[in-house]
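2 protein chains.
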Amino acid sequence: MEWTREKRYLPYNEWDADTLMHLQSQASRSNYQMRYHLRPISGLVNDPNGFSYYNSEYHVFYQSYPFGAVHGLKSWVHFKSQDLVHWERQGLAIEPSFKGDSHGAYSGSAKQIGDKLFIMYTGNHRSEDWIRTPYQISAWMNKDGVVSDKEILFKNPSHITEHFRDPQIIEKDGTYYAILGAQDEQNKKGHVDIWKSQNLKDWEEIGFLNFTDEDMGYMIECPNLVQVDDKWVLIFCPQGLNKSVANYQNIYPNMYVIADDIDFENAKMINPSKLKNLDEGFDVYATQAFNAPDGKAYEISWVGLPDITYPTDDENWANCLSQVKELSIKDGKLIQKPVKSIESIRKTESKLTDKLIKNTTSGQYELKLTIAKNQSTTLHLAANKDLSDSLILNIDTNDGKLVLDRSKGKKVAVDYGETRSCEIDSNESVDLDIFVDHSLIEIFVNDGEHVLTGRFFTNPENQKISFDKDTDFTGKFWEMETIF
Amino acid sequence: MEWTREKRYLPYNEWDADTLMHLQSQASRSNYQMRYHLRPISGLVNDPNGFSYYNSEYHVFYQSYPFGAVHGLKSWVHFKSQDLVHWERQGLAIEPSFKGDSHGAYSGSAKQIGDKLFIMYTGNHRSEDWIRTPYQISAWMNKDGVVSDKEILFKNPSHITEHFRDPQIIEKDGTYYAILGAQDEQNKKGHVDIWKSQNLKDWEEIGFLNFTDEDMGYMIECPNLVQVDDKWVLIFCPQGLNKSVANYQNIYPNMYVIADDIDFENAKMINPSKLKNLDEGFDVYATQAFNAPDGKAYEISWVGLPDITYPTDDENWANCLSQVKELSIKDGKLIQKPVKSIESIRKTESKLTDKLIKNTTSGQYELKLTIAKNQSTTLHLAANKDLSDSLILNIDTNDGKLVLDRSKGKKVAVDYGETRSCEIDSNESVDLDIFVDHSLIEIFVNDGEHVLTGRFFTNPENQKISFDKDTDFTGKFWEMETIF
Numbered sequence: 443m444e445w446t447r448e449k450r451y452l453p454y455n456e457w458d459a460d461t462l463m464h465l466q467s468q469a470s471r472s473n474y475q476m477r478y479h480l481r482p483i484s485g486l487v488n489d490p491n492g493f494s495y496y497n498s499e500y501h502v503f504y505q506s507y508p509f510g511a512v513h514g515l516k517s518w519v520h521f522k523s524q525d526l527v528h529w530e531r532q533g534l535a536i537e538p539s540f541k542g543d544s545h546g547a548y549s550g551s552a553k554q555i556g557d558k559l560f561i562m563y564t565g566n567h568r569s570e571d572w573i574r575t576p577y578q579i580s581a582w583m584n585k586d587g588v589v590s591d592k593e594i595l596f597k598n599p600s601h602i603t604e605h606f607r608d609p610q611i612i613e614k615d616g617t618y619y620a621i622l623g624a625q626d627e628q629n630k631k632g633h634v635d636i637w638k639s640q641n642l643k644d645w646e647e648i649g650f651l652n653f654t655d656e657d658m659g660y661m662i663e664c665p666n667l668v669q670v671d672d673k674w675v676l677i678f679c680p681q682g683l684n685k686s687v688a689n690y691q692n693i694y695p696n697m698y699v700i701a702d703d704i705d706f707e708n709a710k711m712i713n714p715s716k717l718k719n720l721d722e723g724f725d726v727y728a729t730q731a732f733n734a735p736d737g738k739a740y741e742i743s744w745v746g747l748p749d750i751t752y753p754t755d756d757e758n759w760a761n762c763l764s765q766v767k768e769l770s771i772k773d774g775k776l777i778q779k780p781v782k783s784i785e786s787i788r789k790t791e792s793k794l795t796d797k798l799i800k801n802t803t804s805g806q807y808e809l810k811l812t813i814a815k816n817q818s819t820t821l822h823l824a825a826n827k828d829l830s831d832s833l834i835l836n837i838d839t840n841d842g843k844l845v846l847d848r849s850k851g852k853k854v855a856v857d858y859g860e861t862r863s864c865e866i867d868s869n870e871s872v873d874l875d876i877f878v879d880h881s882l883i884e885i886f887v888n889d890g891e892h893v894l895t896g897r898f899f900t901n902p903e904n905q906k907i908s909f910d911k912d913t914d915f916t917g918k919f920w921e922m923e924t925i926f
Numbered sequence: 443m444e445w446t447r448e449k450r451y452l453p454y455n456e457w458d459a460d461t462l463m464h465l466q467s468q469a470s471r472s473n474y475q476m477r478y479h480l481r482p483i484s485g486l487v488n489d490p491n492g493f494s495y496y497n498s499e500y501h502v503f504y505q506s507y508p509f510g511a512v513h514g515l516k517s518w519v520h521f522k523s524q525d526l527v528h529w530e531r532q533g534l535a536i537e538p539s540f541k542g543d544s545h546g547a548y549s550g551s552a553k554q555i556g557d558k559l560f561i562m563y564t565g566n567h568r569s570e571d572w573i574r575t576p577y578q579i580s581a582w583m584n585k586d587g588v589v590s591d592k593e594i595l596f597k598n599p600s601h602i603t604e605h606f607r608d609p610q611i612i613e614k615d616g617t618y619y620a621i622l623g624a625q626d627e628q629n630k631k632g633h634v635d636i637w638k639s640q641n642l643k644d645w646e647e648i649g650f651l652n653f654t655d656e657d658m659g660y661m662i663e664c665p666n667l668v669q670v671d672d673k674w675v676l677i678f679c680p681q682g683l684n685k686s687v688a689n690y691q692n693i694y695p696n697m698y699v700i701a702d703d704i705d706f707e708n709a710k711m712i713n714p715s716k717l718k719n720l721d722e723g724f725d726v727y728a729t730q731a732f733n734a735p736d737g738k739a740y741e742i743s744w745v746g747l748p749d750i751t752y753p754t755d756d757e758n759w760a761n762c763l764s765q766v767k768e769l770s771i772k773d774g775k776l777i778q779k780p781v782k783s784i785e786s787i788r789k790t791e792s793k794l795t796d797k798l799i800k801n802t803t804s805g806q807y808e809l810k811l812t813i814a815k816n817q818s819t820t821l822h823l824a825a826n827k828d829l830s831d832s833l834i835l836n837i838d839t840n841d842g843k844l845v846l847d848r849s850k851g852k853k854v855a856v857d858y859g860e861t862r863s864c865e866i867d868s869n870e871s872v873d874l875d876i877f878v879d880h881s882l883i884e885i886f887v888n889d890g891e892h893v894l895t896g897r898f899f900t901n902p903e904n905q906k907i908s909f910d911k912d913t914d915f916t917g918k919f920w921e922m923e924t925i926f
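Same order as they appear, the protein sequences are chains A and B.
Mapping the first sequence onto the working numbering, position 10 (from 1) lands on 452, and the numbers just tick up by one.
Mapping the second sequence onto the working numbering, position 5 (from 1) lands on 447, and the numbers just tick up by one.
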């Protein structure tokens with residue numbers, strides 16, 4: 443099937459229900475499908491949206507194109523949870539319905555205000571000549587999950603191009619702020635743009651956020667400001683960032699900066715750090731973070747990247763979301779940990795002793811390892827019998843290096859390299875908390891000091907986990923329950 | 443919306459995807475929706491189908507009409523599980539696709555044969571004059587969940603009317619038998635009809651099963667033969683059964699007979715018992731049972747009844763399936779117990795002491811009680827503060843009687859009575875294992891000697907569980923995890 447522009451933007455009511463049910467079945471049955479991470483019901487998933495706490499429950503939505511593994515007419519699909527692990531699928535929540543979002547209900551955020559969930563998102567509108575206007579829109583969700591009262595708040599001012607999107611709504615000292623990704627009209631550079639409002643209806647621009655002297659490339663997507671411990675963290679996705687500014691290998695990175703404080707009124711981060719890579723793996727993008735009412739900072743990411751194709755495109759579905767991580771700061775670095783409640787979906791615990799960790803697994807498990815110092819070893823995950831097809835993790839506690847290698851199996855984004863690495867302390871043991879969910883891996887290193895996230899596509903029948911040599915380690919293993 | 447015949451039988455590809463997504467969202471969000479029982483994704487669910495063990499997993503399907511709370515063009519929706527509790531939704535599996543099932547892929551069964559799942563079901567075909575032909579159809583599902591090779595095997599012979607359906611496939615001593623519900627052409631009486639085949643392609647009728655001398659009414663639906671301990675049990679749904687033959691209150695009952703053996707070749711049950719009511723509650727029908735490879739007998743039921751409307755019809759969805767129960771026989775009676783793995787979805791255990799059992803619950807829980815002898819008490823479930831709106835269970839261990847009363851809340855099938863009762867031993871304590879899932883209750887009495895299943899529709903905000911007076915009891919309580 444050729445994905446013409448006309449087809450991508452066909453209204454949902456011009457698709458037939460039988461096609462959708464078959465796409466849903468196909469996505470459910472895939473051997474590469476995730477079972478405890480938020481996954482597509484059908485079609486393509488991208489950015490997490492509206493990650494929030496409302497009516498005593500956590501909520502998250504994702505960007506969805508239900509009819510194939512392409513970026514077409516986008517909507518929001520809703521999930522809610524009491525523990526950030528057991529998510530209940532609520533279904534389609536926001537779809538294109540008026541001029542403001544006629545060509546897609548794009549990304550945004552949410553926050554409880556009064557007894558409703560206030561939602562702010564970017565409506566993608568195209569004229570007949572295909573000229574884009576990015577409308578920033580408000581809407582309200584009630585306790586029954588019904589979203590109504592969509593209203594256009596503002597569009598791009600003249601000094602910002604059509605690339606103006608992904609509003610994050612936050613409140614500080616009684617004033618509401620919207621944090622947006624923006625491209626400067628004059629020099630086509632990427633910025634974080636700050637707006638403010640007292641009543642959520644009338645908005646005025648404060649200006650571009652000052653958080654670096656470096657050139658951030660041609661666009662910044664999905665900016666998020668979140669309070670972590672006593673600092674402010676900006677999480678964002680620069681596009682076209684020069685690798686001399688901050689090194690990365692993915693097509694576009696997801697970066698962060700830590701500042702002592704923010705002066706919202708003057709759009710200025712106080713004493714910001716240099717840019718750091720949020721995730722050292724292959725596929726994290728569009729991370730959305732928020733402060734829960736208890737003050738904790740949580741994040742969730744799109745596991746997928748713009749402009750990259752994945753092997754499951756052939757199965758008409760693509761991508762997923764990461765697990766939720768709790769944020770803290772240590773030694774000027776962001777620490778990202780699994781939430782405590784992830785332990786509630788662990789099944790029976792096995793203690794590990796042999797270098798052959800498991801001969802067979804279900805493909806959805808947690809593997810917690812401590813590798814002693816002075817080891818140079820290779821862990822094969824999702825491996826066949828002779829370990830010739832596997833996801834490879836090279837662990838060197840002498841020189842202090844981890845290398846994740848997805849060169850085996852179906853190819854993904856090879857132009858951007860088939861390995862990702864991170865430095866660890868040399869001559870020290872290393873703790874690895876590894877979550878595998880069929881075609882997804884999330885590796886937490888030393889209790890969240892580093893995270894490496896990636897998709898991989900070895901033969902789905904591969905069920906072996908093994909070191910390739912005798913290794914001095916201790917470990918535990920749990921199969922994980924299915925949530926989806 | 444008026445459900446004309448034309449609308450009910452509209453092909454799925456003439457419905458639009460947007461409508462379906464909204465129906466799915468509406469079903470997900472309902473406060474009456476089940477969260478650990480198999481529930482509709484959208485629309486109406488009725489009979490369980492194809493309950494089987496294949497490729498090292500349990501499988502079940504249900505009859506589905508996705509577009510509303512009515513009986514329209516039916517398809518099969520597939521679920522699989524490793525433990526009979528954690529079901530994974532696989533989606534649409536069989537839908538009308540040829541003359542044989544043009545007006546509905548109706549109920550049937552499944553059995554692993556070779557490396558595929560053999561499926562046998564009734565295709566509903568209507569002529570232009572709306573004359574029905576019930577085709578018995580075979581199909582094969584592979585390990586990827588794809589069903590293909592549909593083939594018409596046989597239709598109603600001349601001595602059976604158009605009411606000829608629900609084939610159960612079983613194998614005995616190298617011969618395949620199909621057990622069907624049938625209406626005699628001559629006198630319009632209901633029967634269980636037995637067919638046989640050596641190769642699953644060529645079938646011949648053996649004749650009506652001799653299991654009673656009584657008149658079974660005008661039709662028998664969903665007959666199932668299953669080996670339990672060293673006996674054979676026939677589970678079936680007679681329609682129009684005279685209450686002098688076996689007492690029941692529902693519009694149609696789900697009955698069973700226990701025999702010492704079956705002579706398949708002569709279509710005769712050896713020493714059959716009298717008819718007994720399978721479930722003493724309000725809403726069990728179309729129970730499907732099968733023998734797993736380990737010899738155990740499991741059953742699962744439709745919780746819903748033909749020709750009955752339910753309050754959630756207004757929300758465009760209806761009905762659910764029961765939990766899976768394991769069968770055994772004691773003192774000539776069928777014992778139905780929850781499967782052991784249901785314990786795996788229990789959350790934190792609370793020990794109960796006070797007559798106020800819980801002030802608030804999530805609406806999905808297990809409550810295990812032992813009521814001492816010499817008690818006459820009332821347990822209010824899903825109750826409001828002053829217990830004026832609740833599902834009522836009257837427990838009398840003096841006289842030996844349980845009465846389940848759903849007269850409060852939204853009305854359901856009041857013409858068939860608002861209470862159901864069962865006799866228990868007088869002057870003895872009674873054990874109750876009660877499972878509540880929002881608008882569904884399943885009560886197991888004395889370790890499965892009686893089961894009372896029912897839907898109820900008190901105010902969904904009611905969250906209290908309490909005795910109305912001091913009661914001598916011991917008990918435990920668990921909130922249950924969400925599966926769907």
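Since the hints were made in silico from the structure, they are not lab data.
Treat the hints with care, since some could be wrong.
Here are the in silico distance ranges between beta carbons for each label pair [claimed, not checked]:
hint, chain 1, residue 1, chain 2, residue 2, range
1, A, 614, B, 448, 54 to 64 angstroms
2, B, 785, A, 539, 58 to 68 angstroms
3, A, 629, B, 902, 41 to 51 angstroms
Only some residues are given here: those of chain A computed to face chain B with a beta carbon under 7 angstroms [said to hold, decoys possible]:
hint, residue
4, 452
5, 454
6, 458
7, 460
8, 462
9, 467
10, 530
11, 584
12, 585
13, 587
We put the CB at the ideal spot given by N, CA and C, even for glycine.
Here is what the structure says about each hint:
For residue 614(A) and residue 448(B), the Cβ-Cβ distance of about 58 angstroms falls inside the hinted range of 54 to 64 angstroms, so the restraint holds. The given range of 58 to 68 angstroms is broken by residue 785(B) and residue 539(A), whose C-beta atoms sit roughly 46 angstroms from each other. Our hint of 41 to 51 angstroms for residue 629(A) and residue 902(B) is violated, since their Cβ atoms are close to 56 angstroms apart. With a cut of 7 angstroms, the hint placing residue 452(A) at the interface with chain B is violated, because the nearest CB-to-CB distance is about 10 angstroms.
Taking 7 angstroms as the C-beta cut-off, the interface hint given for residue 454(A) holds, the closest approach to chain B being about 4 angstroms. At its closest, the beta carbon of residue 458(A) sits 4 angstroms from a beta carbon of chain B; the interface hint therefore holds under the 7 angstroms criterion. Hint status for residue 460(A) relative to chain B: holds, with the closest Cβ pair at about 4 angstroms, below 7 angstroms. The criterion of a C-beta within 7 angstroms of any C-beta in chain B is met by residue 462(A), whose closest approach is roughly 4 angstroms, and the hint holds.
Taking 7 angstroms as the C-beta cut-off, the interface hint given for residue 467(A) holds, the closest approach to chain B being about 3 angstroms. At a threshold of 7 angstroms, the smallest CB-CB gap from residue 530(A) to chain B is about 6 angstroms, leaving the interface hint in force. Here the hint on residue 584(A) is broken, as its CB sits about 11 angstroms from the closest CB of chain B, past 7 angstroms. Hint on residue 585(A) is violated. Least Cβ distance to chain B is approximately 10 angstroms, over the 7 angstroms limit.
At its closest, the beta carbon of residue 587(A) sits 5 angstroms from a beta carbon of chain B; the interface hint therefore holds under the 7 angstroms criterion.
Checked against the numbered hints given earlier, the structure breaks hints 2, 3, 4, 11 and 12 and satisfies all the rest.
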